Structure formats: C-alpha cells, structure tokens
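Asker: Each chain, written out:
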Amino acid sequence: MALSGMRGLSVFISDVRNCPNKEQERVRVDKELGNIRTRFKNEKGLTPYEKKKYVWKMLYIYMLGYDVDFGHMEAVSLISAPKYPEKQVGYIVTSCLLNENHDFLRLAINTVRNDIIGRNETFQCLALTMVGNIGGREFAESLAPDVQKLLMLSSCRPLVRKKAALCLLRLYRKNPDVVNVDGWSDRMAQLLDERDLGVLTSVMSLLVALVSNNHDVYWSCLPKCVKILERLARNQDVPQEYTYYGIPSPWLQVKTMRALQYFPAIEDPNIRRSLFEVLQRILMGTDVVKNVNKNNASHAVLFEALALVMHLDAEKEMMSQCVALLGKFIAVREPNIRYLGLENMTRMLMVADVQDIIKRHQAQIITSLKDPDISIRRRALDLLYGMCDVTNAKDIVEELLQYLSTADFAMREELALKAAILAEKFAPDLSWYVDVILQLIDKAGDFVSDDIWFRVVQFVTNNEDLQPYAAAKAKEYMDKPALHETMVKVSAYLLGEYSHLLVRRPGCSPKEIFSIIHEKLPTVSTTTIPILLSTYAKIMMHTQPPDPELQDHIWAIFNKYESCIDVEIQQRAVEYFALSRKGAALMDILAEMPKFPERQSSLLKKAEDTEIDTAEQSAIKLRSQQQMSNALVVTDQRPSNGSLPVGQLSLVKMPSISSNADANAADEVLAHANGTLSKVDPQPATPSPDLLGDLLSPLAIEGPPGAAVSAQQNVVPGLEGVPNAADALALAPVGEQSNSIQPIGNIAERFHALCLKDSGVLYEDPYIQIGTKAEWRAHHGRLVLFLGNKNTSPLVSVKALILPPAHLKLELSLVPETIPPRAQVQCPLEVANLRPSRDLAVLDFSYMFGTTPVNVKLRLPAVLNKFLQPITLAGEEFFPQWRSLSGPPLKLQEVVRGVKPLSLPEMSNLFNSFHVVVAPGLDPNPNNLVASTTFFSESTRAMLCLIRVETDPSDRTQLRMTVASGDPILTYELKEFIKEQLISIPTPTPVPAVASAPAPTSPVNSVMDPGAMLAGLL
Amino acid sequence: MIHFVLLISRQGKVRLTKWYSPYSQKERSKVIRELSGVILSRGPKLSNFVEWRGYKVVYKRYASLYFCMCIDQDDNELEILEIIHHFVEILDRYFGSVCELDLIFNFHKAYYVLDEVLIAGELQESSKKTVARLIAAQDSLVETAKEQANSISNMIAQATK
Chain E
972 MALSGMRGLS VFISDVRNCP NKEQERVRVD KELGNIRTRF KNEKGLTPYE
1022 KKKYVWKMLY IYMLGYDVDF GHMEAVSLIS APKYPEKQVG YIVTSCLLNE
1072 NHDFLRLAIN TVRNDIIGRN ETFQCLALTM VGNIGGREFA ESLAPDVQKL
1122 LMLSSCRPLV RKKAALCLLR LYRKNPDVVN VDGWSDRMAQ LLDERDLGVL
1172 TSVMSLLVAL VSNNHDVYWS CLPKCVKILE RLARNQDVPQ EYTYYGIPSP
1222 WLQVKTMRAL QYFPAIEDPN IRRSLFEVLQ RILMGTDVVK NVNKNNASHA
1272 VLFEALALVM HLDAEKEMMS QCVALLGKFI AVREPNIRYL GLENMTRMLM
1322 VADVQDIIKR HQAQIITSLK DPDISIRRRA LDLLYGMCDV TNAKDIVEEL
1372 LQYLSTADFA MREELALKAA ILAEKFAPDL SWYVDVILQL IDKAGDFVSD
1422 DIWFRVVQFV TNNEDLQPYA AAKAKEYMDK PALHETMVKV SAYLLGEYSH
1472 LLVRRPGCSP KEIFSIIHEK LPTVSTTTIP ILLSTYAKIM MHTQPPDPEL
1522 QDHIWAIFNK YESCIDVEIQ QRAVEYFALS RKGAALMDIL AEMPKFPERQ
1572 SSLLKKAEDT EIDTAEQSAI KLRSQQQMSN ALVVTDQRPS NGSLPVGQLS
1622 LVKMPSISSN ADANAADEVL AHANGTLSKV DPQPATPSPD LLGDLLSPLA
1672 IEGPPGAAVS AQQNVVPGLE GVPNAADALA LAPVGEQSNS IQPIGNIAER
1722 FHALCLKDSG VLYEDPYIQI GTKAEWRAHH GRLVLFLGNK NTSPLVSVKA
1772 LILPPAHLKL ELSLVPETIP PRAQVQCPLE VANLRPSRDL AVLDFSYMFG
1822 TTPVNVKLRL PAVLNKFLQP ITLAGEEFFP QWRSLSGPPL KLQEVVRGVK
1872 PLSLPEMSNL FNSFHVVVAP GLDPNPNNLV ASTTFFSEST RAMLCLIRVE
1922 TDPSDRTQLR MTVASGDPIL TYELKEFIKE QLISIPTPTP VPAVASAPAP
1972 TSPVNSVMDP GAMLAGLL
Chain D
3 MIHFVLLISR QGKVRLTKWY SPYSQKERSK VIRELSGVIL SRGPKLSNFV
53 EWRGYKVVYK RYASLYFCMC IDQDDNELEI LEIIHHFVEI LDRYFGSVCE
103 LDLIFNFHKA YYVLDEVLIA GELQESSKKT VARLIAAQDS LVETAKEQAN
153 SISNMIAQAT K
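If you read the protein sequences in the order shown, they are chains E and D. Take any residue in the first sequence, note its place counting from 1, add 971, and you have its number in the working numbering. Take any residue in the second sequence, note its place counting from 1, add 2, and you have its number in the working numbering.
None of these hints come from the bench; they were simulated from the model. Keep in mind that the hints are not guaranteed to be accurate.
Computed spacing ranges between beta-carbons, pair by pair [unchecked claim]:
(1) D/S99 to E/F1757: 57 to 63 Å
(2) E/R1205 to D/D141: 33 to 39 Å
(3) E/N1081 to D/K32: 33 to 39 Å
(4) D/S99 to E/Q1373: 24 to 30 Å
(5) D/S153 to E/V1209: 30 to 36 Å
(6) E/D1258 to D/S99: 55 to 61 Å
(7) D/S99 to E/V1209: 27 to 33 Å
(8) D/S23 to E/F1757: 25 to 31 Å
(9) D/P46 to E/Y1020: 42 to 48 Å
(10) D/S23 to E/C990: 28 to 34 Å
These figures come from a predicted structure and were not determined experimentally. By construction, the Cβ of each residue, glycine as well, lies at the ideal position given by its N, Cα and C atoms.
One chain only, chain E, in its complex shape (with noise of 0.2 Å):
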C-alpha cells in the first residue's frame, strides 16, 4: 500500500520518536508549535497543502498529550475549503479537537449545512459524520429536519443513508426535546424494510434510541424486527461479506435484540411464537468453538438473547435452559465468559423464580471469589450479595469475611460494607450479627464506617438478651494485644454499658475490665478518649459498692484530662469528675442508655446512594423487597419514638354508642349551621365520623390492593347518599391503586409525619423518591417537590397533576417530562390559602420506569395547621377576646366522645405541634386547657382563635372543647380539625384485620387498652 504521505509530517513524527527522553520531546513539540503559531499568524502566504499539514501536526501534538490552544480556527477554516482533500482533513481534525461544547464550532455550521443539503456524495458523508461525533444542541436545532429529510430520500445511497441514520441518532439522543420524531413510526418499519444490511445496522441503532424514550408508537416496528431476527438467524439471504466468522451479522442480531427489549410485551401469539422459535434456536445452537473470534461473537449473540428471553419473562422450561446454561458458563476456563456468566447471573435474580437454581451454584460462585481476575471478583461478590437470603446469609458471610483478609485493596471497603448489610439484614440470630462485625472490625477496621459500630451498639442496646454476650465478646477482643482502634471504640463502649453484667465472670470484676480498656489510651486518637472517658464514669458508677482504689485512680485520670487542648476532652473530664462526686446521684445521670428508636438502617442507604452498577443495583432493590430475618425484625417492630402519632387520622371507628351520639352531635351542628348561617352553605356537610374516619384512614388511601377494594366496597354505598365532592375526593385514589409498583414505607404515615414537619419524604418506591420541603408565611406557602430517579435509566411520561380542594389557589411550576438517570428535579408548588377548610390538596402524580406504568395519588401536606401560627397571649388579652366571642356561631361548644386518652401535658404537646399554644395557667381549673393561636386565609386575614378545653378527670376518653374566632367558618373548620386529632387512634400495623372488622369491635378494644395506645403513642 503506498503511503501517499506528506514529508514534513513524517519527519516531525521521526525526530519526536527520536527523541532520547521527555525534557526533548517537549523541546521538540515546542519548536514545533512556535512554528506552526507564526505560520498561522500569516496566513496569506499559506498554501492549502501547508495548511493541512501543519493542522495534522497540531492532532499528532495533541494526541501525546500537550496542549494546543491554538489553532482551532484554521482547523474549523478548512472545513469550508472548495476540494475534498483540506476538507476531508478540516472535518476530522475539527472533530477530534473539539467537542460540542466549543464556540467555533458554531462558525462552521452554514458549511456544514450546505454540505449536508448539497449535492457532492462526499462532502455529505464528511459532514454527517463530523455532526454523528461530535454534534451538539446547535446543530441538532438547525440539522435535524434536513438529515430527517436525507435519511427519507429515495435517491439517498446506502453510504450517505447510514451516516444520516447514525447522524440523526447522535443528535436525538443529545437533545430528543429539539428533533421532531412524530410521525416517525411509520417511516422507521419503512426504514427497517431496507436490504442492505449496513444500512439496516445503522438504522437499528436509531430505532434503539427512539423506542429506548418511548416504545409506545413504534409498535408497527416490532414484526419488522423479529422478521430480521428469523432472516439472520436462519441465514437467508444474507450476503457473504455480512457474515463474521461464519455468523450472520452478529451486530445486528444484537441491536435487534435489544430493541425488542424495549417493548413490554409481545402480544401477538404469532410474531411470540416465531420469536421464540429463534430464541430457542440461538440458546441450544450455540457451541463453544476453538476460534475465539467466533466464539466471542457467537456467545455476544447469545447473551443479548438471554437478556431478551429475561425480558420476555418467557416460559419456566426456556428461563431454566438459561440459568442451566448460565451455569454452565460460570465455570467454564474462557475468563470472559465466566465474567458474563456471573453478571447475567445476577441480572436473572430478578426474576423471582429463578433463585432457587441458582442457589445449587453457590459453590462455584464462591470458587469465584478468589478468580485471578477482579473484574471476576467483583461480579462474584455482587451476585453473592444479590442472592444472598436467610437461608444461605451465614455461608455467604463468612466466606466474605474470609475473603476479606486476601482481598485486594480495591474491594475490600465495598466488601466489608457488603458483608455488614448482608449480616445486619439475613442475621439467623442477633448474637451472630455482633460476632460478625466485631470479626469485620477485627480484619478491616479501616473499611468499616462508624455507622456500622453505631449500629451494632443500638442491637446490643435495644435487645437485653444481647447484652451480656456483647460484652463477653467485647472482653474477648480487648484482651488482644494489637487492636483497631473501631474496636477499641467499640469494645469501650459495650464493657462500659454492659460489664456489669459479667461480674461474675473470672477477670471481669470493674477493675480488670477497667484496666484493660486503659491500656489501651495511649494507643488511641483523641476521638476515641471521650468514649474512654465516658466508658471509666459507667465504670465507676456500676461499681457498687464503690472500689476507692478504683475511684481514685479514674479521679486521677479525670484530672489529668481536664485541661487537655481537645474540648471535647476536658468537658467530658470536667463533668464526669464533678458528677461522680455527686454520690448516689451519679445512678440516674449514668444510668444505661435508654433504647434507641428504630431507625433506617443508614449502611443500607449508603450502600444505595454509592452504588453505580445496574446489576448490582438490582440486586438491592431485589433485597429491599424480601423478607427480612426474624431475628432483626423483632426489634424493628418496636414503635418508634420519634414519631408523633397526632396527625395520624388512624383507621379506628368510633364505638358504636359515642359514635351515634356523636353524629347526634354532628348533626346538631350542621341543624345550627345550616340554619342561622348561611354563609356556611358553601362549605360542604361533614357526614357522621365514623365515615369520615373511613375516609381519611390510612386504610381508605394507601391500604394493600386487596384491602383497599374490600373498603371502598364497604364505603362507598355510604357516600353516595353524601353530596359531598369534597370528602370524595379523598376517596377518589382507592380504585386506582393497582400499581404493581409497591411504595416503600408506609404512604399514610408518611403524610402524617409532614403535617407536623415542614421538609421530609412523601413517597418513595425502587424508582422514585418524591420530597417536599415547604416554607408557610401567613396564608402563602411554597411547597418544593423534589422528584429524584433512583435509577440509572431515565424515568419517562413524568406527569404530575393538582386536584386543588376549593380553597387552596395550587400553582405548580412545570414539571419536566423525563427525569434523567440519578437526577433530581425540583417543582415549586405555590399555595394560597383562600378560606378555611380542611379538604385536603392530592397530587396525582404518573411515570413510566421502563414499560410499566406507575401511578399514585397523593395527599399533600397543605393542611390546615399549616396557616396557624402561635401565639401566646396573657389573661388579661385572652378574657376580653373571649367573651366578647359570644356563642355560636362565632362560639362552638361540643362534647367530644372516644378521645385518645391523654395526660394534660400530652395533650398541649399535641396541641403544640400544631401550633396551637396552650396559655398554661390561665384557667384556673387544673383539668382544662386553654389555648390559642392564629389563623391565616385571604378571606379572615390573620385571625385570632381562642380553644378551651375542659377534660373530665374520671373519664379521659370525653371531654368538652369549645372554640371562637371572628369567623363562624373558621370556628367551625377548627373545631372539627382539633377533634380529628383528638379522636384519633394509632393503631398497630396489622391493617386488613381491622378493615375487616366491622366497625364496633377492635377500636373497642383499642379503647379499653390505655397501655396498648400509650405505646403507640409514645
């Protein structure tokens, strides 16, 4: 082949390679690039032959590394040169150097237009495939619908076709909101129509990115595809030099193949039929063959066919076929077949069925964990992670924790942060889960975060079973000469806590277990001699009767910290010296730590968030659905402290009795208002409360599928007799909940927690994550969704709709249609709060995550505490407002049955919280509450409402409120808001038995069991 070569280029590219070391190189490059800024300086006197040459020197120079800051205008300059030669070279150069961020860029778009639109073959084909490469948002805006039209042309050559094929795809995958695809269904079956199977491959491309964003009008494309299928499969014809070592194109076998798994599903029994038929086919016929080209080839298309075959969710006998296969593989010497092997593995955990299979492969998956290869490893640990269940957790564990000593450096954080999570999550018993990580901290305490000590610190603390073993265990590791200091941090803390326990134990009498820990402190950092610190006070304290040797020892100690440089330090010493002082006192202040509420597992969401790998992702997401151990869960059931149960509109039916005196009551109320007010007639009428308690409860909305129907069956008879659209509306999401996608944590308890707090999460499933963050100024509010993609494939079809109840102005800002991968957008909701009313704002809010469509009604949390605000007034303000507030409608006064039994301070607590503030001490009755706040609307202003409530000591489940404002709505909206959250009832968990249920029986119960809402409650 004769180098048709230019003499300076070769001979500046000779004397670089000549060059004896760096320092030259550079030398050389310098003079080089000297050279080429004068000659550009002057261009007149360049000839179009230089010019190419020096621009050729400038990539070479570029492509060792340095960098050339110049000269990107000449490059871009050639591309409008008249002859293909300066052309050719402008439009390479131009798209190796640049990228589409670049200005210049912008220069050559008229050039590249009128090339593309142009007649000469060659110079479209050099400007589509600049724009394939490096194309950016310009040039899609002002090239897409003349590439569309080349693409279309029936005079169009194969050579131009496919590089417009390629050239549109670039620039709709860059900007899809800039190229006009609609209508493009029917001209892609046209395209894919097409004989030439280079063209073919091109389009196939494209057709992979368009229904990659939205399948739904490629539908007619699907046949053409499977047709393509069958023709290569079956080679028929398909012309030699489209065949790779005997195979038929096995490029477009694979493009094919994954733009089917685009599609849901195949409907047509016909087209599924003959598309299996060729699945089948490429499954059993695939052999291992000497030739490795072959082999990788034939083996690309085989695994593209299983991930099809997965994506189909095809039949049980065809799903076994490929987990035998993929069996097969993972043991097979070829390395990256092994590699494919245990990634597809991984993939195929998806598919629940399946797990059992490949449990019989443990073994071997293991054998994988010490391939010489780490990207092995690294496949080998994931699916170990992802199969990971009760059954197999402590052989997985512990052969993770083996591994951990030989590991390589690379993995052994994520290691170690696995093998936590899966011992945290499959734990058989907790003592085993404590044996675990302290043997973690043991081999690679540098790996292990804090939150991983801190979580074995709240089991031990939260299971008194736990907590003698711990520190026995603890002991044990702190008699070891050499320690980690995490486990030094760690042991302190448990033998502080917890070595009591042991006394009797040979060498754990206070000061053995005393000494040890403190020889350690000179070994350790000063974020670790505060636990010691505090370690030595619970010493101390649990030392009864007092050692004064003991004492006087850690006295010393004390002393000696107290003037240490680390504030943390000296306060700890300070405080504990003059506490310990404190004799008998010192019990309470040190006494063991309570229980610590229950709290997501922070490895989990860490192990989240630093995820990256699809496969690996899968498999957490697989994890977060399964059942968890038994042993853990027993702790998670423990209600949680943090929680305030107030906004819960709990699923609980009032007791038949009070709750028909109640509607006497209720209807009392509606008699007064309908009668002397008219103004209330807008306001819709509250039907009796035990309907209302159906249609707020958590039950109503966000129940299981099964339980949700039963309900609405039960309620809906009911309302129809009610001409309330209001209270419908709350009701509406109940025939819609048939998602497959299933919510992570509870919806209901969810609200609930934001109507109390002004920022946290409102909903979340394995895709999405939907937050709000809201600000309230008077009756303004903003209220920020932040919607963010947990995945790394887009979230399409993003809608998000406002059913506005009639007194809130709702203004939701554009939300986008896609949400990229790992993104997150922000939507800001303006709200006005028109009137008062408790009707509740819902967001119905719809995606598509791949081909299932998932959508969910929400209730918002603009509710009405939102527009109070605290005040505190005196007696002397408090009493004139009060009685110049003289009965109804202005003043209502009701008795209330079925109250959720509370102390007084309970009750402010609760009333605090929604802003309401009781004015302790006014009343001069020490039974009853009175309390005020203030309430903003366009239509009441700021207006001032004043609460009193009188409690019966006797019977905490009754008591009288009465409640005035300037304004009888108001009144009224109040009223019935303070008495919802007074008669509600946090009910344990276990849902559909109360649905069930008809109304008298459990919420009796609940009643009569104080002890049983008490902890509910707390």
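Place chain D on chain E using the hints.
Answerer: This is chain D only, laid out in the frame that chain E set:
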C-alpha cells in the same frame, strides 16, 4: 454506546483517541492516564473487561498495542470486543499486515478508517469489503486532487518561465 476509543502502546504512548461523548481536554488526559494505569498492568489470560467509574472498558491487546473502547454498564461487552477485532482486521487489510509503526506515521489514515467503522459511538458498517472500497475511493479523490494541483502548478511554472 461507545464513549471513546483509545489506542495505547505497551509503553503507555497514545496512538489514537476518539471521543464520542464530550470530554474537556483536561478530562481526556485524566482518563488516558488512569486507564493506561489500569489496563497495562493487567496480566494475560484475564477477561477483556475492566470496570471503571461506572463504565466498562473493553480492551484487547494486539502485539504491542492495546485497543480500548469504553461503554455503558449494560451494553453487550462481547459485541464491542468483536468491533475492536473488526476494526483491526480492516486496518490490517488496508495497511497490509498492520504494525504499530504504520499507525504512528499514518495516524491520520487510522482516523479515516475509524470514521468509516464508527459514528456516534455506534457501528456503522460491518462489511470489511464496503469499508475498504470507501477508503480506497477517498484515497483516490485525494490523489486526483494532488495530481491536478501538480499539473496546474507545472503549467504555471512553465508559463512564467
């Protein structure tokens, strides 16, 4: 999609780079530095895949040269591995048993060839014959232009004698 193509020699010298996703100059050098560290240190008989920053790099060594292509996590690795081989076969046919020196002194030709194989990080043509034909046509266009230029300058030279 393929995000970039790298050709690195065993000594870590870059022989060709092509970026289909936008990377700044700084990022490009960083990527090259990092990846040559990872890939050149891998022993023989390992898989051809390296997991790197949430992407995968498929690479294959031919004599003293490493051909690397960076793809997304869920792309088909073996398909890319054979794109590499396909590209190498085309280079081989074009240069006639290609060696590293061919690619050093004719790096610009390697770019022409690559542009006929890949666009937008996707395979454009899987027929070696078609690619060879197109490259030959381009070469002859350049040759013709050169001859024309020569004859014109000859004529001018003669006329002004």
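Asker: Against which earlier hints does the structure fall short, listed by number upward?
Answerer: Violated hints (numbers, rising): 4, 5, 6; every other hint is consistent with the structure.
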